[in-house]
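Trainee: Each chain is listed here by its residues.
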Amino acid sequence: MFVIPDRFSYTVAHSVEEAVELLHTLEDSKVLAGGQSLIPFMKLGYASPKSLVDINRIPNLDYLDDSGESLKIGALTRISRLCDSELVAKDYPLIHDAALQIADPLVRNLGTFGGNVCHADMGDDLPAVCLAMNAEMVASGPSGQRVLAAKDFFVDRFTTLLASDELLTEVRIPKNRRGCGGAYLKLERRVGDYAIVGVAAQLEVDGDGVCRSVGIGLTSASTKPIKASEAESWLVGKSLSDEVLDKASTLAMNTSNPLSDIRGPAEYKKAMVKVLTHRALKLAYKRARGGL
Amino acid sequence: MTALIYPADAKVRLELTVNGERRVGEAEPRMLLVHFIREVLGLTGTHVGCDTSNCGACTVVLNGRAVKSCTVFAVQANGGSLLTVEGLARKGRLHPIQEGFWEKHGLQCGYCTPGMMMAAYDLLQKSPNPTEEEIRRGISGNLCRCTGYVKIVEAIEYAAQKLRSDPSWRSGGD
Numbered sequence: 177m178f179v180i181p182d183r184f185s186y187t188v189a190h191s192v193e194e195a196v197e198l199l200h201t202l203e204d205s206k207v208l209a210g211g212q213s214l215i216p217f218m219k220l221g222y223a224s225p226k227s228l229v230d231i232n233r234i235p236n237l238d239y240l241d242d243s244g245e246s247l248k249i250g251a252l253t254r255i256s257r258l259c260d261s262e263l264v265a266k267d268y269p270l271i272h273d274a275a276l277q278i279a280d281p282l283v284r285n286l287g288t289f290g291g292n293v294c295h296a297d298m299g300d301d302l303p304a305v306c307l308a309m310n311a312e313m314v315a316s317g318p319s320g321q322r323v324l325a326a327k328d329f330f331v332d333r334f335t336t337l338l339a340s341d342e343l344l345t346e347v348r349i350p351k352n353r354r355g356c357g358g359a360y361l362k363l364e365r366r367v368g369d370y371a372i373v374g375v376a377a378q379l380e381v382d383g384d385g386v387c388r389s390v391g392i393g394l395t396s397a398s399t400k401p402i403k404a405s406e407a408e409s410w411l412v413g414k415s416l417s418d419e420v421l422d423k424a425s426t427l428a429m430n431t432s433n434p435l436s437d438i439r440g441p442a443e444y445k446k447a448m449v450k451v452l453t454h455r456a457l458k459l460a461y462k463r464a465r466g467g468l
Numbered sequence: 286m287t288a289l290i291y292p293a294d295a296k297v298r299l300e301l302t303v304n305g306e307r308r309v310g311e312a313e314p315r316m317l318l319v320h321f322i323r324e325v326l327g328l329t330g331t332h333v334g335c336d337t338s339n340c341g342a343c344t345v346v347l348n349g350r351a352v353k354s355c356t357v358f359a360v361q362a363n364g365g366s367l368l369t370v371e372g373l374a375r376k377g378r379l380h381p382i383q384e385g386f387w388e389k390h391g392l393q394c395g396y397c398t399p400g401m402m403m404a405a406y407d408l409l410q411k412s413p414n415p416t417e418e419e420i421r422r423g424i425s426g427n428l429c430r431c432t433g434y435v436k437i438v439e440a441i442e443y444a445a446q447k448l449r450s451d452p453s454w455r456s457g458g459d
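So the sequences go chain by chain: V and A. Using our numbering, read the first sequence as starting at 177 and increasing by one per residue. Using our numbering, read the second sequence as starting at 286 and increasing by one per residue.
If you are wondering where the hints come from, they were derived from the structure by calculation, not from laboratory data. Computed from a predicted structure; not experimentally measured. Just so you know, even glycine gets a beta-carbon here, dropped at the ideal spot from N, CA and C. A hint or two may mislead.
[Unchecked claim] Listed next, with one range per pair, are the computed distances between beta-carbon atoms:
(1) V:I180 <-> A:K411: 46 to 54 Å
(2) V:A339 <-> A:H390: 54 to 62 Å
(3) V:S405 <-> A:C431: 44 to 52 Å
[Said to hold, decoys possible] The calculated lysine-lysine pairs, modelled on DSSO-like cross-linking and capped at a C-alpha distance of 30 Å, are:
(4) A:K411 <-> V:K266
(5) A:K436 <-> V:K206
(6) V:K248 <-> A:K411
(7) V:K400 <-> V:K458
(8) V:K248 <-> V:K266
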């Protein structure tokens, strides 16, 4: 086992522009944010970047701002801040549920929202949340800023749409209005582990309990974070009876294509996608209606 | 500001506050904070357990937050404030967290204990009157293979009560 990382050059960026310039200039560079996935990867020899650009000292990248059209989350916002935030707990239960189930309190003290999303492991929890909430990812690169839809962002395992000289600076979540509710359910072998599977569900319902919009994101259900699109569109315009939930969760299961690994065989994970989708939708529905 | 790029084999000069004292040392970029603490600063109370971010034996408080020092590069701590288990006691008096582990027999082999105490320190700063469940969640990043946790939870409950009744411990110290 390799527990000492390979050598790398190290530099501290003091602004987003400087980070982008460094990422552009330096050979084989990686962004060091919370480091809670990158450093273990480097220790185990899965990653050996030649240079690291430390963004932890860039000011004003750690924020939760709901003063505008959306909830804006700075890329350097620590997971522990999401857990402790009253705003997140009250208005964004899906994000709160997921944050509380990421690793453990020590890892959450350093791990960041942006890092969890950009690492793009199929087992990371926030990508599914971003997919379910139709988040927008704001990135800065040498030719300026661009805004990417979450549904396009996750290209493959550990691969996002970001170029190697682009930095994710912010994630924008549509503001939760009346009638919105969400939930994240995660099946894990033990506290703090990656998900066997996880399901993020986000609903908006009208006064009659009919779904106006539905978002479902799946963790560890494929080689990358995926959206259960068929289940989403099938649910729009329906009230969630047990029969409807059963059909929707079957559709989500059929979308999933998990890998067999140490966390379980593929068939078991598929079956669990169905169970968790059913439960997550039910809880999200309850929360959405409770908010009316 | 032009960023300074430290080559891979550079000996980076680090200056930080450790247990209230200014300390200086050198580290290559790839040196992990836990190795800097043990080998450069000579503070061996912080343990290396799994070395893979699972066990929490290496937990220290960096800039007010408990972190796993095997999952931070030493260079990241430059200019920061570090509290290790050696910094808990004051003027020869055990910190209430240490006293709790002593009084409630919160350890057997003791390997996880420094990390447990630093995680408890962070928990009690945030949550001075935790429920048993909050304590169990608070130490969920720290593994103990001896005790079964019951006595550790009692030790932290003891410490919480003591800290509430003696506020002189609540400020400073790091």
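Trainee: Are the hints correct? Go through all of them and say.
Mentor: Here is what the structure says about each hint:
Look at I180 of chain V against K411 of chain A: about 33 Å separates their beta carbons, and that is not inside 46 to 54 Å. Remark: the range hint 54 to 62 Å for A339 of chain V to H390 of chain A is upheld by a beta-carbon distance near 56 Å. Between S405 of chain V and C431 of chain A the CB atoms are about 49 Å apart, so this pair conforms to the stated range of 44 to 52 Å. With a C-alpha separation of about 20 Å, the suggested pairing of K411 of chain A with K266 of chain V holds against the 30 Å cut-off.
This hinted pair does not check out: K436 of chain A and K206 of chain V have alpha carbons roughly 43 Å apart, beyond 30 Å. Our distance criterion of 30 Å between C-alpha atoms is met by K248 of chain V and K411 of chain A, whose separation comes to about 25 Å. The suggested pairing of K400 of chain V with K458 of chain V holds, with an alpha-carbon distance near 25 Å, which does not exceed 30 Å. Straight-line distance between C-alpha atoms of K248 of chain V and K266 of chain V comes to about 16 Å, which keeps the hinted pair within the 30 Å bound.
In terms of the numbered hints stated before, the structure departs from hints 1 and 5, listed from lowest to highest.
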